[in-house]
Amino acid sequence: MAAEGEYLLELTDIEAGYGRAALVLRGLTVRVPPASVVCLVGPNGAGKSTVLKVASGMLTPRSGRITVCGRDVTRLGPQQMLRAGLSHVLQGHSVFKEMTVSENVLLGAYTIRDRAEIAERVDFVKTLFPVVAERWGALAGALSGGQQKQVEFARSLMVSPRVVLLDEPSMGLDPKATATVFEQVVRMRDAGTAVLLVEQNARRALETADLGCVLDLGRVHISGPAPDLLADPKLGELYLGSGTSTAGS
Amino acid sequence: MHSVSDPRPGRGRTAVRTARVVGLVALVALVAAFPSLAPDSFILSVGVVIASYAVLATSWNFVGGFTGYISLGHAAYSGLGGYATALLILRADVNPWLALALGGLIVAALAVPIGIASLRVRGASFVIVSIALVLILLLVFQSWGSFTGGSNGLRVPRPFGDDVLRPEQHERFFYLHAALLAVLLLCWWAIDRSRFGMGLKAIREDEDKAQSLGVPTFAYKLVVFVVSAFFTAIGGGMYALWFGYLDPIFQFSILVGSYMVLMSLLGGIRSLFGPLLGAVIVGYAMEFFKAQYGDTQAHLIAMGALLALVVLFMPDGIIPALGNLVNRFRPKAASIRELTAEELTVQREQQEVRG
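As given, the protein sequences belong to chains A and B, one line each in that order. Position 60 of the first sequence, counted from 1, bears residue number 60 in the working numbering, the numbering being contiguous throughout. Position 161 of the second sequence, counted from 1, bears residue number 161 in the working numbering, the numbering being contiguous throughout.
Chain B on its own, in the form it takes in the complex:
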């Protein structure tokens, strides 16, 4: 028997589960079919860009979504991941895929001292520290021309060789990004349901209170920060292998970090698929504005307007807003009227007699 006040009686809960499974299967089918459905190479490349954004935003969401620490400087880790991969290939002649993995590990190792230093502060101070890191790295990578290529940039050899044509390159990288995204989503989902995730969410809600309950707050923040940096670096490395060229001004741009935040906020930072949905919307919108208005700054104005709309009308993001809408049609939750233990017991007994 279902409790009188259970807001999700069994039939409703089964329907929600079925809808989720159907949605997931449809999403996987759409992703699998996209390269065949794409009418030309350009649309396919837009798909790769959006998949890359989805990887970066979901990676950002490990730290932003679970702990509530807003990092505007996550481009530091994607940029470092891209350069680490490229430099390992070019300077140490490492296999591209091994370089990608090693690049992620190097960035994760670097994220440990960065996290120890930056996670001591909260709120606006943390945001400023995260931005400062990107600006420092931009200066370093621009100035150290003999090693990084400086302002001239760095050409990254293509891993599949030059005989693989561009559309096929796009298709392979689209699937690679999709596979990486699947791994990220699986990790996020697993953490969300774990004891570790519960501790992280408590930090997001109230760090001091979480600490008083025995949650090792600093260690947890550091672990999830390093995990986030690792995946962001892998995303940056994958992009470098696909795009074939790195320029510090774009790799270490505050805008890239801001896009990760915007995408996650738009979709909903507390939901698994929020950053993915945000990446699809923002990524498509950016490519659309670039195609429509050329090399102007119109897409930036559009992104700013989008961010303002999200903050004003959907502060929790699209997925939570849709969830609230669905909840309106569900059976109402129990009254929050105060009941004594005796009243509650009587109410239960009456329900059992009826049921």
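Chain A on its own, in the form it takes in the complex:
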């Protein structure tokens, strides 16, 4: 792992919950180094998606600290978080179905005024996601689930984010589409963008990630390099589905 202070995104001792209900996150600490995929896995109700909501400003933590490149962004809202460099791809399909792929992607750059910069980002995402270039003029709603997910990825990269927060990107996708989506996650990382990934398909996600955090009851139960977590037989039994090395892939 990177040394202290070298992280793009740090969530430290976060406590958060919804309304007056009990806490979902109880002193959680997660750190995302540059150009890496950090994966959060764990059972239902562990608080994985809540971590992303806190990180993107959709949910204000009750206590704790969030920093982006060392800058405190703890109480900022979604739009300010976007400007700070955190782009959130929501669970399920969140494309604007009645709008074209081009409009969907350009909406990702809505906070950017410089046309040259937008054109440059468009070229970048078209190269990274060939299907976006291929279906540029098509209605987003006419695309398959996996293709829509790639449009969402492209949209999230339009603001040149430091970290992309991906919530269950493989949800509802068939195995081939899932493989394509994870392939694109790796391409995003290779292009220099860090990814904080929440995924039910734990084994597949850890195979893709550099680092992993196993969440349970709102805390990080175990963390470390993803290959080490995959190789841990006890962890496999508890959280990844025992013995089935190809599970979910």
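It is worth saying that the hints were derived from the structure and are not from the lab. C-beta: ideal position from N, C-alpha, C; glycine also. Worth double-checking, as some hints may not be accurate.
Here's a subset of chain B near chain A, in silico, CB distances under 7 Å, partners left out [what the hints assert, rightly or not]:
(1) K201
(2) E205
(3) L213
(4) P216
(5) T217
In silico SDA-like links for lysine to any residue, alpha-carbon gap of 20 Å or less [to be verified]:
(6) B/K209 with A/D210
(7) A/K97 with B/M314
(8) A/K97 with B/G214
(9) B/K209 with A/S223
(10) A/K97 with B/A298
(11) B/K209 with A/G77
(12) B/K209 with A/Q79
(13) B/K209 with A/E237
Chain B: place on chain A using the hints.
The following block gives chain B in isolation, referenced to the frame of chain A:
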């Protein structure tokens, strides 16, 4: 070279563009020739009524079409525009055309606080707020007889003078409405292609998501609401100048607002010419039923049936339905089968070798 999966190869796209230009030229020619083709003064007056409906429906479509906020109370702005124009002429002796413009601006100014209050709610709540405004205005304009003429109505002086005969009045107002409609269509078209329009369409699709992407949703809704109110008021003022008489019961009627919605839905609220097409169909149908069945409520029953048919069989409207029909005969779009980046690259290379 065209992409393998481009659903609109070049030749097809050129054909569509040519068809659009030809259609537009035909429409302009038809509008220009209508007064000469109309066999009598009555048909000409029906043309003016339909043009007026087209103006109101297209004005409504600025807020309904772009944001998806369904206002059933847009008669408030056409009524206010009509009364503002008439009262400026009668009480302040303002030139009719200046009164028309000032009336639009006054209503736009009033729409700012109304929009700030009403656009905070969505869906059914927004519909109810919009209806409430019409009912309040009806009561005010009926009760304030000393200023508005109350239930007795208000006679509006004709701008071209009494020496201009009725058919000629109709002809002039038909062209004036057509010119106003052209301006409206041009504005709608420009917004549709702008960054502002893209933000508005994102609001229509999912307001929360649009906000999270940095679209200033409330400001955008308010701007387009005020623009819509301004044009609706100009449409109402123009109608007042043509018809020469205002009665609050007709000016502030929920039915008028409902017709704007019906016309837009029938033609297609997401298309430029949707409300115009809807206005032609609904306007003609209403005049036909009135002529056939006199002063009965039969035309209302017919309109209700028409609305039911539209909702059941063409929920997106006639123009999108026709568009879908045309698309069936176009080359098929790419398969949505999942391809990895490598597969896609190989496929492209193969196409380049062939092409």
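Results of checking the hints against the structure:
no.: 1; hint: K201; result: holds, 6 Å
no.: 2; hint: E205; result: holds, 4 Å
no.: 3; hint: L213; result: holds, 5 Å
no.: 4; hint: P216; result: violated, 9 Å
no.: 5; hint: T217; result: violated, 11 Å
no.: 6; hint: B/K209 with A/D210; result: violated, 30 Å
no.: 7; hint: A/K97 with B/M314; result: holds, 19 Å
no.: 8; hint: A/K97 with B/G214; result: holds, 18 Å
no.: 9; hint: B/K209 with A/S223; result: violated, 32 Å
no.: 10; hint: A/K97 with B/A298; result: violated, 40 Å
no.: 11; hint: B/K209 with A/G77; result: holds, 13 Å
no.: 12; hint: B/K209 with A/Q79; result: holds, 11 Å
no.: 13; hint: B/K209 with A/E237; result: violated, 38 Å
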